[in-house]
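Taken in sequence, the protein lines are chains A and B.
Here the first sequence stands for residues 8 to 365, numbered as in our numbering.
Here the second sequence stands for residues 8 to 365, numbered as in our numbering.
Derived from the structure by calculation, the hints contain no laboratory data.
Small disclaimer: the values here were computed from a predicted structure and weren't measured.
Treat the hints loosely; a few may be bogus.
Same chains, same label: a pair holds when it works inside one copy or across any pair of copies.
Mimicking BS3-like on lysine-lysine, the simulated pairs with C-alpha atoms at most 30 angstroms apart in a straight line are [as the list claims (entries may be wrong)]:
hint	residue 1	residue 2
1	K291	K65
2	K105	K363
3	K252	K184
4	K335	K291
5	K362	K57
6	K249	K51
7	K28	K319
8	K65	K249
9	K363	K73
10	K252	K55
11	K73	K350
2 protein chains.
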Amino acid sequence: MYAVIMAGGRGTRFWPRSREKKPKHLLDIISNRTIIQETVDRIKPLIKPKNILIVTGKKHASSLIKQLPEIPMDNIIIEPEGKNTAPCIGLAALHIQKRSGDAVMAVLPSDHAIVNSKKYLEIIRTAAQLADSEDALVTIGIKPTGPETGFGYIERGDSSGEIPAGEFFRVQSIREKPDLPQAQEFVRSGKFYWNSGMFIWKTSTIMNAIFRFLPDLYAGLLIINQAMGTPREKEAVRQVYKGLKSISIDYGVMEKASNVFVIPGDFGWSDVGSWDALREISAKDINGNAFIGGSDVITEGSAGSLVYSPQKLVALVGVKDLIVVETKDALLICQKGKSQDVKKIVGALEARTLKKYL
Amino acid sequence: MYAVIMAGGRGTRFWPRSREKKPKHLLDIISNRTIIQETVDRIKPLIKPKNILIVTGKKHASSLIKQLPEIPMDNIIIEPEGKNTAPCIGLAALHIQKRSGDAVMAVLPSDHAIVNSKKYLEIIRTAAQLADSEDALVTIGIKPTGPETGFGYIERGDSSGEIPAGEFFRVQSIREKPDLPQAQEFVRSGKFYWNSGMFIWKTSTIMNAIFRFLPDLYAGLLIINQAMGTPREKEAVRQVYKGLKSISIDYGVMEKASNVFVIPGDFGWSDVGSWDALREISAKDINGNAFIGGSDVITEGSAGSLVYSPQKLVALVGVKDLIVVETKDALLICQKGKSQDVKKIVGALEARTLKKYL
Numbered sequence: 008m009y010a011v012i013m014a015g016g017r018g019t020r021f022w023p024r025s026r027e028k029k030p031k032h033l034l035d036i037i038s039n040r041t042i043i044q045e046t047v048d049r050i051k052p053l054i055k056p057k058n059i060l061i062v063t064g065k066k067h068a069s070s071l072i073k074q075l076p077e078i079p080m081d082n083i084i085i086e087p088e089g090k091n092t093a094p095c096i097g098l099a100a101l102h103i104q105k106r107s108g109d110a111v112m113a114v115l116p117s118d119h120a121i122v123n124s125k126k127y128l129e130i131i132r133t134a135a136q137l138a139d140s141e142d143a144l145v146t147i148g149i150k151p152t153g154p155e156t157g158f159g160y161i162e163r164g165d166s167s168g169e170i171p172a173g174e175f176f177r178v179q180s181i182r183e184k185p186d187l188p189q190a191q192e193f194v195r196s197g198k199f200y201w202n203s204g205m206f207i208w209k210t211s212t213i214m215n216a217i218f219r220f221l222p223d224l225y226a227g228l229l230i231i232n233q234a235m236g237t238p239r240e241k242e243a244v245r246q247v248y249k250g251l252k253s254i255s256i257d258y259g260v261m262e263k264a265s266n267v268f269v270i271p272g273d274f275g276w277s278d279v280g281s282w283d284a285l286r287e288i289s290a291k292d293i294n295g296n297a298f299i300g301g302s303d304v305i306t307e308g309s310a311g312s313l314v315y316s317p318q319k320l321v322a323l324v325g326v327k328d329l330i331v332v333e334t335k336d337a338l339l340i341c342q343k344g345k346s347q348d349v350k351k352i353v354g355a356l357e358a359r360t361l362k363k364y365l
Numbered sequence: 008m009y010a011v012i013m014a015g016g017r018g019t020r021f022w023p024r025s026r027e028k029k030p031k032h033l034l035d036i037i038s039n040r041t042i043i044q045e046t047v048d049r050i051k052p053l054i055k056p057k058n059i060l061i062v063t064g065k066k067h068a069s070s071l072i073k074q075l076p077e078i079p080m081d082n083i084i085i086e087p088e089g090k091n092t093a094p095c096i097g098l099a100a101l102h103i104q105k106r107s108g109d110a111v112m113a114v115l116p117s118d119h120a121i122v123n124s125k126k127y128l129e130i131i132r133t134a135a136q137l138a139d140s141e142d143a144l145v146t147i148g149i150k151p152t153g154p155e156t157g158f159g160y161i162e163r164g165d166s167s168g169e170i171p172a173g174e175f176f177r178v179q180s181i182r183e184k185p186d187l188p189q190a191q192e193f194v195r196s197g198k199f200y201w202n203s204g205m206f207i208w209k210t211s212t213i214m215n216a217i218f219r220f221l222p223d224l225y226a227g228l229l230i231i232n233q234a235m236g237t238p239r240e241k242e243a244v245r246q247v248y249k250g251l252k253s254i255s256i257d258y259g260v261m262e263k264a265s266n267v268f269v270i271p272g273d274f275g276w277s278d279v280g281s282w283d284a285l286r287e288i289s290a291k292d293i294n295g296n297a298f299i300g301g302s303d304v305i306t307e308g309s310a311g312s313l314v315y316s317p318q319k320l321v322a323l324v325g326v327k328d329l330i331v332v333e334t335k336d337a338l339l340i341c342q343k344g345k346s347q348d349v350k351k352i353v354g355a356l357e358a359r360t361l362k363k364y365l
């Protein structure tokens with residue numbers, strides 16, 4: 008069994024900590040390990056490092072190698088450009104087939120937080136059995152805690168039986184990010200899960216699905232496959248990627264395929280998608296303040312704030328619900344609930360002559 | 008004519024910029040000159056540097072000398088400890104009498120901001136004439152712009168005539184800091200001015216008043232006077248100060264004397280008493296944001312904030328009415344209207360083992 012960790016994201020919403028050279032998964036935002044280190048640590052008891060592949064961009068490969076000394080260099084797969092998840096998964100499947108023929112692969116985002124690793128591993132293990140025996144595309148669904156509009160949703164159909172980790176279901180539909188009324192209805196119905204972006208399947212199953220639903224991608228993968236292990240490989244990948252459409256595995260395959268199952272992943276999950284999300288999962292004091300990264304903070308009539316300031320003493324006076332993030336050259340002060348707009352700051356920095364802060 | 012600049016304050020409310028070793032008047036908070044440099048610059052056209060005395064504590068004397076190279080070293084008068092304004096003024100009066108016998112002295116706070124220097128000088132000049140001819144204790148009153156409870160007030164009596172700078176009035180009463188309803192009544196009446204802490208009088212006039220209303224202080228000043236210019240001077244000052252009560256000139260003399268006059272000082276004044284006060288007098292952009300000290304700031308849906316961050320890029324996202332002050336080792340984030348509580352932070356730092364931030 009293989010793990011494929013997708014580490015192509017930029018994570019601009021964690022500016023000013025995330026930078027062009029340091030995307031979110033390379034940051035120690037949640038603990039003293041980086042998020043990708045935690046991701047590897049978490050899956051290691053089930054899948055040996057030599058079977059953990061990481062797909063990333065050229066810019067971040069060297070940082071990854073440094074952060075993950077236990078992962079063989081050959082397991083770092085470089086995409087010449089980001090084309091969303093479908094090409095990334097297809098490329099990883101090729102590598103696995105080359106090494107081991109047909110095998111189960113667990114596709115894992117590099118930058119999520121999980122509370123209960125033991126339960127998580129149990130579910131991945133069960134999902135692998137299901138993927139193997141049923142020739143299925145298995146997804147992990149997260150029970151919604153609220154009508155989030157930032158996630159895709161998975162609608163479950165009939166129960167398909169019991170597995171050691173609980174019930175699993177045939178998938179009725181896969182939905183893109185909904186608007187608020189839709190999300191509220193999803194949550195009310197009790198039949199929807201958040202799409203965690205974790206997938207488990209055999210390489211043969213996903214390649215067959217790509218052949219059927221994404222024939223252009225399949226054709227590109229064939230070209231890459233012929234060049235693999237030859238001096239032409241890198242150039243072939245570059246050429247093929249240039250012509251590929253950006254498309255997610257959800258939209259390209261999961262929404263269309265019929266052999267899709269969902270296992271509810273009740274292990275405490277966060278996509279840590281923003282400073283607000285981090286604020287929510289962080290331990291708080293009696294006033295609802297969270298001080299992370301060893302920050303020295305003194306407060307006077309202040310509540311509900313997240314502070315990351317490893318270098319400086321921070322004094323909060325009469326403030327409510329702020330996110331304060333201090334780095335070597337930049338300082339973010341953001342109202343709770345507005346951290347999606349941090350992306351706009353990054354956009355504005357790009358537009359202005361302030362690229363050094365990117 | 009002499010100027011006596013009182014530079015004994017600590018200015019804890021400007022933490023984290025003001026520190027034990029750098030009180031407010033030594034900071035370049037308003038312009039690229041420090042506040043005391045501005046105070047000296049402002050009065051210089053009327054009073055030569057050799058007639059400008061500065062009263063301060065031992066801790067800050069060397070910084071003062073560095074910042075004010077045009078002021079003769081002998082003009083820096085050191086108080087061994089702070090005992091409020093009455094002893095400070097008495098000590099300065101002794102020094103002036105020693106040099107020039109009876110002379111007019113203008114007592115000026117070291118840490119206020121004034122918009123119109125020309126008008127200011129005209130009023131000080133006129134006040135000096137009045138102090139000289141009428142043997143009067145002359146104060147400068149500021150027309151209130153609101154019911155401030157942080158200032159003392161001066162109640163004017165009958166008009167005493169016209170001077171080149173406008174009308175002047177006999178003082179009916181001097182009031183300590185009022186509560187809000189009282190302050191509101193003061194403002195409504197139209198008869199009250201803020202007490203700017205600027206006083207103009209002859210040395211003989213103030214020494215007579217101290218003799219009458221503060222006999223203990225007068226006795227102490229006599230002892231110092233006998234030691235002045237001898238090797239015993241420093242020790243005499245130390246001994247006398249040890250026994251002195253802390254008392255303000257307002258409470259000790261002005262409230263009790265009868266020959267007190269007020270000249271309205273219509274020159275644009277602020278005591279710059281807090282970050283809020285600074286925020287008010289700072290130039291703002293279209294969203295009411297003020298960026299001082301060369302701060303590089305980028306905003307997204309943010310308004311009404313003051314930012315001082317000369318070292319770092321600051322991004323404000325969705326925040327309103329904040330005061331953000333960044334220094335080498337500390338960061339203050341304070342809600343507008345709460346900057347009086349910055350004092351409490353300093354108090355808390357004293358109480359905890361965080362003295363390095365004081």
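Each hint, compared with the structure:
In this assembly of identical chains, K291 and K65 lie within 30 angstroms of each other by CA distance neither inside one copy nor across copies; the values are 38 angstroms within and 44 angstroms between. When the C-alpha separation of K105 and K363 is checked against a cutoff of 30 angstroms, the pair qualifies neither within a copy, at 41 angstroms, nor between copies, at 61 angstroms. In this assembly of identical chains, the alpha carbons of K252 and K184 lie at most 30 angstroms apart only when taken from the same copy (20 angstroms versus 72 angstroms across copies). Both within a single protomer and between protomers do K335 and K291 lie at most 30 angstroms apart by alpha-carbon distance, with minima of 25 angstroms and 27 angstroms respectively.
Neither within a single protomer nor between protomers do K362 and K57 lie at most 30 angstroms apart by alpha-carbon distance, with minima of 38 angstroms and 52 angstroms respectively. For the identical chains of this complex, K249 and K51 are neighbours neither inside a copy (34 angstroms) nor across copies (72 angstroms), given an alpha-carbon limit of 30 angstroms. With identical chains, the CA atoms of K28 and K319 are at most 30 angstroms apart both within one copy (24 angstroms) and between copies (19 angstroms). In this assembly of identical chains, K65 and K249 lie within 30 angstroms of each other by CA distance solely inside one copy; the values are 15 angstroms within and 72 angstroms between copies.
When the C-alpha separation of K363 and K73 is checked against a cutoff of 30 angstroms, the pair qualifies only within one copy, where the shortest distance is 24 angstroms, while the shortest distance between copies is 36 angstroms. With identical chains, the CA atoms of K252 and K55 are never at most 30 angstroms apart, being 33 angstroms at best within one copy and 78 angstroms at best between copies. For the homomeric pair K73 and K350, the shortest alpha-carbon distance inside one copy (28 angstroms) is at most 30 angstroms, but the shortest distance between copies (46 angstroms) is not.
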